[in-house]
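Same order as they appear, the protein sequences are chains S and H. Under our numbering, the first residue of the first sequence carries the number 678, and numbering increases by one thereafter. Under our numbering, the first residue of the second sequence carries the number 678, and numbering increases by one thereafter.
Certain hints may be false.
Because identical chains share one entry, a pair is satisfied inside a single copy or across any pair of copies.
Claimed, not checked - With a cut-off of at most 25 Å between alpha-carbon atoms, the simulated BS3-like pairs for lysine-lysine come out as follows:
| hint | residue 1 | residue 2 |
| --- | --- | --- |
| 1 | Lys796 | Lys745 |
| 2 | Lys840 | Lys754 |
| 3 | Lys745 | Lys914 |
| 4 | Lys866 | Lys884 |
| 5 | Lys754 | Lys892 |
| 6 | Lys887 | Lys875 |
| 7 | Lys866 | Lys798 |
| 8 | Lys914 | Lys866 |
| 9 | Lys840 | Lys875 |
| 10 | Lys875 | Lys745 |
| 11 | Lys796 | Lys754 |
| 12 | Lys745 | Lys911 |
| 13 | Lys745 | Lys892 |
| 14 | Lys866 | Lys754 |
| 15 | Lys698 | Lys796 |
Quick caveat, the hints were computed from the structure, so don't treat them as lab data.
2 protein chains.
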Amino acid sequence: MNILMIGAGNVAWHLAPALEKAGHHISIVYSRQLENAQLLAQQLNNALATDQTDFRDVGADLALIAIKDDAIATIVKQLQLPNHTVIAHTSGNTPLQIFEHLPGNNDFGVFYPLQTFSKQKLVDFSSIPFCIEALNSSTETFLFDLAGQLSNSIHSVNSYQRKILHVAAVIACNFTNHLFAQSDHILQKEGLSFDLLKPLIQETVEKAMKNAPHKTQTGPAVRNDTRVIQDHLKYLKNNPSAYQVYETITESILLWYGSGENLID
Amino acid sequence: MNILMIGAGNVAWHLAPALEKAGHHISIVYSRQLENAQLLAQQLNNALATDQTDFRDVGADLALIAIKDDAIATIVKQLQLPNHTVIAHTSGNTPLQIFEHLPGNNDFGVFYPLQTFSKQKLVDFSSIPFCIEALNSSTETFLFDLAGQLSNSIHSVNSYQRKILHVAAVIACNFTNHLFAQSDHILQKEGLSFDLLKPLIQETVEKAMKNAPHKTQTGPAVRNDTRVIQDHLKYLKNNPSAYQVYETITESILLWYGSGENLID
């Protein structure tokens, strides 16, 4: 398959070589910054770098848009593609409808690898979930087949479900990271190292991943241990943001696991 | 060394064989439930099981109390030990002073492995942090040496610091687990599987563990992306506990990373 890679950021940086490895040819890498396109094109076999958006004379089966969410609408208006080229973006937050007013008459879809990428770190795509959505079933099959060459975890996920996935990812990933930061900060203030907690954190996450997390809940809130909760809140009273987080999540756990009454106030 | 294991729960279940492997002899396993003591003793070499607390006629270098926090005070009053036997508990939440009114005249300390244990799962003690505290420096050295035979991560941690460690562990582990449960619940309601998020969660945790977590913060809150935050809150409005958690942690992230103003209300 002949592929145009629109973008040269973290996602493109990992997807392009993986697609090559699966036997496809990345003929062109586009970036608004020509140097970025060149950097990625150099990693590939016979790929040209460009900052131009007219691809009408290029033979391509797929144009894959892997750029920042807020730049997708703009590039979609600029891209000029042969009519048979399928166009797909790799964004978790961008609805399929962004392609509705394409200047051409191309089939379109979403090809979203649900993972965070950084340039320095090697990526094993085989276990990364791909969320696929498409204008029609032939395009969906086309994108399913391609994703299936990279990964064992391919899912049909519509734009609404992708939004819910994003809410859930913010809670399970971004918020979790902030809890780690809060915890680290509390320890540092007392001259203790966050390293002390790392084995426990890893074990906690491992258990939650293997079982349903609502079955692995431990701690003072689920035990309804008011004495410990009050003691911790007393300690946190000079740390308003940690206090607020402690109180809110404790209340949520008490609510979930059925203490019935609010034991914090 | 001759060791009395006071308790036959999860911690004792893993510590006793590890101490044997390090060359020590668990002479007696005590439990209030004789059958539990017997179950653990059967796993060991020449260990006796008992539900009696008079050990005055037993030669023992160390009595290790590995029982539930709220039962420690009671057992400390009941235990009768030879004067030279050091007594230590394995609890993260129990101060050293619990030993102040020992009936005998024994040296005492804390021997706290900072990890969660379950009977089914094998434990590699070598990377588990041991937090040591003791009445005097000779007892501290004694417990440091013993912990050093099990693990490479031994720390002098006083009772106040242990309390702070507990606050930090509740936030980084118990609360994190609840975020996973909230996320899982949101996905299930929409017919999506939590499995979809697991690779992303694992990568997020790995990044936070390798770097300082305040440097790996991503998501709409740290980007100050009010449109996405409002959209997510709107979606969560019929899920009060998730709404509350989303709002509080988002506010905390905004506060930490300096948006300066409250963008949620």
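TODO: Tell me, please, which holds for lysine 914 and lysine 866 at an alpha-carbon limit of 25 Å: within, between, both or neither?
DONE: Classified as within: same-chain Cα gap 14 Å, cross-chain 36 Å, threshold 25 Å.
TODO: Could you place lysine 745 and lysine 914 in one of the four classes (within, between, both, neither) given a Cα distance threshold of 25 Å?
DONE: neither (40 Å within a copy, 28 Å between copies)
TODO: Could you place lysine 840 and lysine 875 in one of the four classes (within, between, both, neither) given a Cα distance threshold of 25 Å?
DONE: between (31 Å within a copy, 17 Å between copies)
Task: Intra- versus inter-subunit Cα pairing at 25 Å for lysine 875 with lysine 745 - done: Intra 33 Å, inter 23 Å, cutoff 25 Å: inter-copy only.
Task: Same-copy or cross-copy closeness of lysine 866 to lysine 798 [CA-CA at most 25 Å] - done: neither (31 Å within a copy, 34 Å between copies)
TODO: State whether the alpha carbon distance between lysine 754 and lysine 892 is at most 25 Å within one copy, between copies, both, or neither.
DONE: neither (48 Å within a copy, 35 Å between copies)
Open item on the list: Treating 25 Å as the Cα threshold, decide for lysine 698 and lysine 796: within, between, both or neither.
Closed with: Intra 18 Å, inter 44 Å, cutoff 25 Å: intra-copy only.
Task: lysine 745 and lysine 911: within-copy, between-copy, both or neither at 25 Å Cα - done: between (43 Å within a copy, 24 Å between copies)
Open item on the list: I want to check one pair: lysine 887 and lysine 875. Are their C-alpha atoms no more than 25 Å apart within a copy, between two copies, both, or neither?
Closed with: both (18 Å within a copy, 10 Å between copies)
Open item on the list: Regarding lysine 796 and lysine 754, is the shortest C-alpha distance of 25 Å or less found within a copy, between copies, in both, or in neither?
Closed with: Answer is neither: 28 Å inside a copy and 60 Å across each miss the 25 Å cutoff.
- [ ] Indicate which option fits the pair lysine 840, lysine 754 if close means a Cα-Cα distance not exceeding 25 Å: within, between, both or neither.
- [x] Cα proximity of lysine 840 and lysine 754: one copy only (23 Å, versus 58 Å across).
- [ ] Up to 25 Å between alpha-carbons, please classify lysine 745 paired with lysine 892: within, between, both or neither.
- [x] Between copies, since 21 Å is at most 25 Å while 37 Å is not.
Of the hints listed earlier, those the structure fails to meet are numbers 3, 5, 7, 11, 14, in rising order.
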